[in-house]
Every structure is written in C-alpha cells, then in structure tokens.
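So you can see what is in the structure, the chains are spelled out below.
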Amino acid sequence: MGDGRLLLSEFLLVLRRRRNQVLLGLLALVTVLIGVAVDVSGPARDGEGPAFLRSITDNGLFLSFTALVVSLPVFLPLVVSVVSGESIAGEASTGTLRYLLVVPVDRTRLLVVKLLSVVLFGLLAAVLVAVVGAVVGAVLFPIGELRLLSGTTVSYGQGLLRLAGVALYVAAVLATVAALGVFVSTLTEVPIAAMAATALAVVLVEVLDAVPQLSALHPWLFTHDWLAFGDLLRDPVSVAGLGHGLLVQACWDAVLVTLAWARMTTRDVTS
Amino acid sequence: MGPSTEGAAVTTRGLTKRFRGGQVAVDRLDLDVPPGAVYGFLGPNGSGKTTTIRMLLGLVSPTAGTARLLGQPVPAASASVLPRVGALVEGPAFHPYLSGRANLRRLDAADRTTAPRTSAARTAAALERVGLSAAAGKRYRVYSLGMRQRLGLAAALLRPRDLLVLDEPTNGLDPQGTREVRTLVREVAADGTTVLVSTHLLAEVEQICSHVGVMSAGRLVAAGTLAEVTAGATTRVRVECRQPAVAVTVLTGLGVSPVRTEAGTVDAELATADPEQVLAALVAAGAGVRQFVLARARLEDLFVELTGAGFDVRG
Ligand SMILES: Nc1ncnc2c1ncn2[C@@H]1O[C@H](COP(=O)(O)OP(=O)(O)OP(=O)(O)O)[C@@H](O)[C@H]1O
Ligand SMILES: [Mg+2]
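Residue numbers (the working numbering), protein chains in the order written: chain L, 1 to 271; chain D, 272 to 586.
Certain hints may be false.
[As the list claims (entries may be wrong)] Negatives, chain D to chain L, calculated, CB over 12 Å:
no.	residue
1	A296
2	N316
3	D379
4	R383
5	P387
6	G408
7	L472
8	Q514
9	L565
10	E571
11	L577
[To be verified] Derived list of chain D stretches under chain L, where covered just means 3 residues or more per stretch with a C-beta under 8 Å from a C-beta of chain L:
no.	segment
12	299 to 312
13	365 to 371
14	536 to 548
[Claimed, not checked] A few chain D residues facing chain L, derived, Cβ under 10 Å:
no.	residue
15	G292
16	N374
17	D572
These are calculated hints, taken from the structure and not from any lab test.
Quick caveat: nothing in here was measured; it's all calculated off a predicted structure.
Beta carbons: idealized from backbone N, C-alpha and C, even for Gly.
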C-alpha cells in the first residue's frame, strides 16, 4: 500500500534526525538517573517525591511507573511538541512541502501521515521510558510479585502487562499533544515557533488545571486526567477516570485534527 | 499518446491571483501551451511567472479563472494528472541532512503510482542523467548551488513525464550545466514531452524554445511561436557611411525614425520602410555608404520593448 511506504519514509526521517535521537536519549537518561538516585540514597519516605517513588526499592518495575509520572507533565509533551511542531512547518520552511504536494501527495493524506508519525514517535517515547525503567529497575532492585495500590499482589508478568497498558495510555494522551502540534505547525512556516507555541499551550493548560477557581473547567482540560493511569495499578482496574480521560482526549483530538485539516487543505503554499 | 495529450498541454482562462493584502500577482491570464512545445515563459522579476506555475500545480488556489493541465482541470484532477508532470518550482528544495539519493527515494516513496521495486533503479537513472551519480551519497547540505539545481531536475525526471514545468532551471548552473540543461530539454522534447520553462536567459530561449509567452505585471503581453513573436518586433538598420548627416536627412525624408548618430554610423528603426529603397536612396544621395546592416530584433530588445526598460520591480 502506497501510504505505508510514505509513513515508513516519514517515520524514518523523524527517527534519523539527530535532534530527535538526542531527545529520546534524554528521556532514557532521566529514567536511569531516577533509578541511580534511589539506589544511592535509599528508599524515599512516605509521601515524599512523585507517586510510586517509594515502591521502587520493593520492586524495580516501579521505576518505570515513577519515570512516566515524572516525564509526563513536561519532558514527554516537550519532546512531542518539538517533533509535531516540526512536522508541517519544517517542510514549509525548507520548501520540501511544495515538492511533496506536486508529487502529488494529497494534502489530507500528508496530514494524516505526518500526524501518525508523530503519534508513533510519542508511543516510542513512552515505551522507551517504560522499557528503560523496567530494565534498569531489574538490574538495580529486586523484582518479582508486585504490590498494587489497592494492596493486592499480582505476578511480575501481570505487572508487565499493566505497564504496557500504562505506556499505551501515555501514548494516547501524547497523541493530543501531537494533534495540537501538527495543527499549530500548519499555521506557520517557522518550525521553532510551532514547537514553542505547542509546548507553551500545553503548559498553559496545565496551569489552568492547577487553578482551583477554575475547577468547573478542569474535567474538560486535556491534561486533567493525564496521571489517571494509576488506576491501572489497582485491583480491580478502575476505568472511570481513564475512560473519562480518553473521552476528553478524543474530543480534543477531533477538534484539533479538524482545524488542522481545514487549514492544511486551504493553505496557499508560497514557501 | 493518450487522448488528453492531443489537446493543449497547459490552458488557462482568466486565471487570476490576488494575494492577501491586495497584490494582484496574476491578472486574467489566458495561457496556451501546445502539446510538444518547448514554451519559454518570460517576464521581468515579479511579473507573476512563479505564481502562475504554483497555481497550475495546485500549490496556490486561484482567486478566479480556470486552468487545465494535459487536458484535465486542476486542481480538481491534480491527483491523476500531476504524476505525469515533473516540476521544478522556484529553485530546488530538499532535506539538508539527507543525501541526494535519500531525498529522491523519499519523493519516490510519496508517489503512490510508482512501483517500489523499481525505485532504486529509477533514482539511480535520474541521478545519472543530471550528472550527480558521484555525489549521490553526499548530504544535500554540502551540495553546491549547481548540484542542488541538478538534484531538483533529477526529481522532475524520476519517471517519464508528459509535461515538465521548469521554473528557472539554469539558475546557478555553470556553463556546462546550462548546456546540459539545454540538451536535456531538447532530449525530453524529442521524446514528446511538453516543456514549460521560465527563465531569464533569453539566449537560451532563442536556442531551445519553439514558443514564447511574455508576462508583464501579471498579464501576458505577447505569446506565440518564437518566429511569430519576434516578427512583431521592429527591424533595425545600421548604416556606416562617410557622411552621416546626409544619411540622416535621407532617412528622415523617408519617414524612418528615430535616428541615432554615432561617429560615422547611423542607427534607425525601419518600421514599414522597404530596406532596398532605403539603401538606393542613400546611395543616390551620395552618403558614401560603407556598410548597411539589417538587424532582426533580438529577443532581448523585444523583451525590453514589451515589458519596459525600467530596472525597478513592480511593487
Ligand atoms: N505569498 C505572497 N503574498 C503576497 N504577494 C506575493 C506572494 N507571493 C508572490 N507575491 C507577489 O506576486 C508578484 C509575482 O511574484 P512571482 O514570484 O510570481 O514573480 P516571478 O515572475 O516568478 O518573478 P521572478 O522572475 O523574480 O522569479 C510579486 O509582486 C510578488 O511580490
Ligand atoms: Mg519566479
């Protein structure tokens, strides 16, 4: 299928970009650093530091969860902002956009391919943090049966399965950042502006989410349920928070993708 | 040849582009490029050539008017017609950190209508054709201006085309490169490909183009075969003689003007006067004619005549 070919080419282009490799490297580094810091300084006290931090010394798998909690508010959205802001604006600024369009690549198809490749990159980033966390955790700390938040214990295999679920959820929330970034990217020919605007927009929404006076608004902010993935670590898994989170994300995705499409298909390409 | 190549390769009717801000870049353009032609698309800087090409390729949407490529309406039928069109628009543009070859492979991957299996071979052939085989593995970043231009041409030649749209293909090329582009255009034209080439090198146009169209301020001010268009220009006469003053009197008497005198030579635009009679009159008057040269207007003179001699671009 022709689209698979273009998507592969696009995704490889993103992966081959040195800057993107560095960003992935930094994400892995943050994860390793948390592991090493906990290993050196011993277990955290109750209520100290980010969620799951205390459990790392009981089970190395919690390093993955901790690293995801730490990376989700800033690092991961930043990485996705960079890659998504680049997507269309980068092609416009180098002038390659006009050559893709005259190949011809249908504008809608190009938008979908660009968006999918950023979403895939977000998934890769989430999986990278999870995998690096699991490996480093297994090396530095004991592993085995996992004590969940609800107090029950599950096998390590079951724990890995839940980690996969968490990584997928994180990738899903990053998809919203991807949609936002791609939309902003259709508005400009300056990639750095699109990256900065996307990252700032995410931070802005997070700030709004932290203002108690706006609590009526909170359930509809796309960052509000980002950390709801803790629900996957209960027995039974409670899906209410996750479900609401995914629904809100889906609404944002739909709006942002529609806006991006409207802009992309009517834009005069004069770069 | 399919039925659609029998009609005009490019037709526009009333094609207009008014940019946001009110700038009318292309103004009710009626362009006709016959099939098989090598069409020189001329005009001063800012006269609307690139904007026209962008509209033909679906990059910019027209404010008014219609356009057809290879018989099909664009942008409505762009998806089916553009694979048959190779284009170089306002200079080459590629990903700087990919090699020339990788850049072409990427463009080929974007084309749904080509077979992935032949991609490597077609890419290599296109690079060979523009003399870039040796530099194919270098990153585009380090390409020289001419190498970049050549890579742009290679992209336009990735597959056989029915129409090539080349916007200033010789920009930045060395003399050999310019000659190669000329040869290349002749070759593809000999294969039946129509070529629409925008350029400022009028000497090139005189050598390779069968047709020309001249743009000025967004409008087409002259169009037709090269011979037709240059026929419209006035023939000049240059008389070298012993007594220029006598020659001037004779020429003025015959209604030939304006007249310019310069150290023993007299220059004049012949207009409708018959050169044989002019020469006879000059000899009879005893002007002492040493040389009598008729100069068919060069494209450059015509160009200046049509588009104005001013150096400043239109705002
Ligand atoms: N995006 C734009 N917004 C506003 N005006 C534009 C835009 N693009 C082009 N123009 C204007 O349209 C006019 C025609 O430009 P165009 O690039 O088509 O000229 P051209 O004939 O290709 O010139 P050149 O020989 O210098 O390449 C110019 O006055 C230019 O300033
Ligand atoms: Mg131009």
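Against the structure, the hints come out as follows:
The claim that A296 of chain D is not at the interface with chain L is violated, since a C-beta of that chain comes within 12 Å of its own (minimum 10 Å). Against chain L, the non-interface label of N316 of chain D holds: every CB pair exceeds 12 Å, the least being about 16 Å. Residue-level check failed: D379 of chain D sits 9 Å from the nearest beta carbon of chain L, not beyond 12 Å. Remark: the non-interface label on R383 of chain D conflicts with the geometry, its nearest Cβ contact in chain L lying 3 Å away (cut-off 12 Å).
For P387 of chain D, the condition that its CB be more than 12 Å from all CB atoms of chain L is violated, with the nearest at approximately 6 Å. No Cβ of chain L approaches the Cβ of G408 of chain D within 12 Å, the least distance being about 15 Å, so the stated non-interface status holds. Against the 12 Å criterion, L472 of chain D stays outside the reach of chain L, whose nearest CB is about 22 Å from its own CB. Taking the minimum C-beta to C-beta distance to chain L, about 60 Å, the non-interface status of Q514 of chain D holds against the 12 Å cut.
With a minimum CB-CB distance of about 45 Å to chain L, L565 of chain D clears the 12 Å threshold, and the non-interface call stands. The beta carbon of E571 of chain D sits about 30 Å from the closest Cβ of chain L, which is more than 12 Å, so the claim that it is off the interface holds. Chain L leaves L577 of chain D outside its interface by the beta-carbon criterion, the shortest separation being 26 Å against a cut-off of 12 Å. Given as covered by chain L, the segment 299 to 312 of chain D fails the check, having 0 residues with a CB less than 8 Å from a CB of that chain where 3 are the minimum.
Check on the segment 365 to 371 of chain D: 5 of its residues sit with their Cβ under 8 Å from a Cβ of chain L, so the three-residue criterion for coverage holds. For the segment 536 to 548 of chain D, the proposed coverage by chain L is not satisfied: 0 residues have a C-beta within less than 8 Å of a C-beta in that chain, short of the threshold of three. Of the supplied interface hints, the one on G292 of chain D is violated, with its beta-carbon coming no nearer than about 12 Å to a beta-carbon of chain L, more than 10 Å. Given hint, N374 of chain D at the interface with chain L, holds; its Cβ is 8 Å from that chain's nearest Cβ, closer than 10 Å.
Hint status for D572 of chain D: violated, given a least beta-carbon distance of 33 Å to chain L, over 10 Å.
Consistency note: the structure conflicts with the earlier hints numbered 1, 3, 4, 5, 12, 14, 15, 17.
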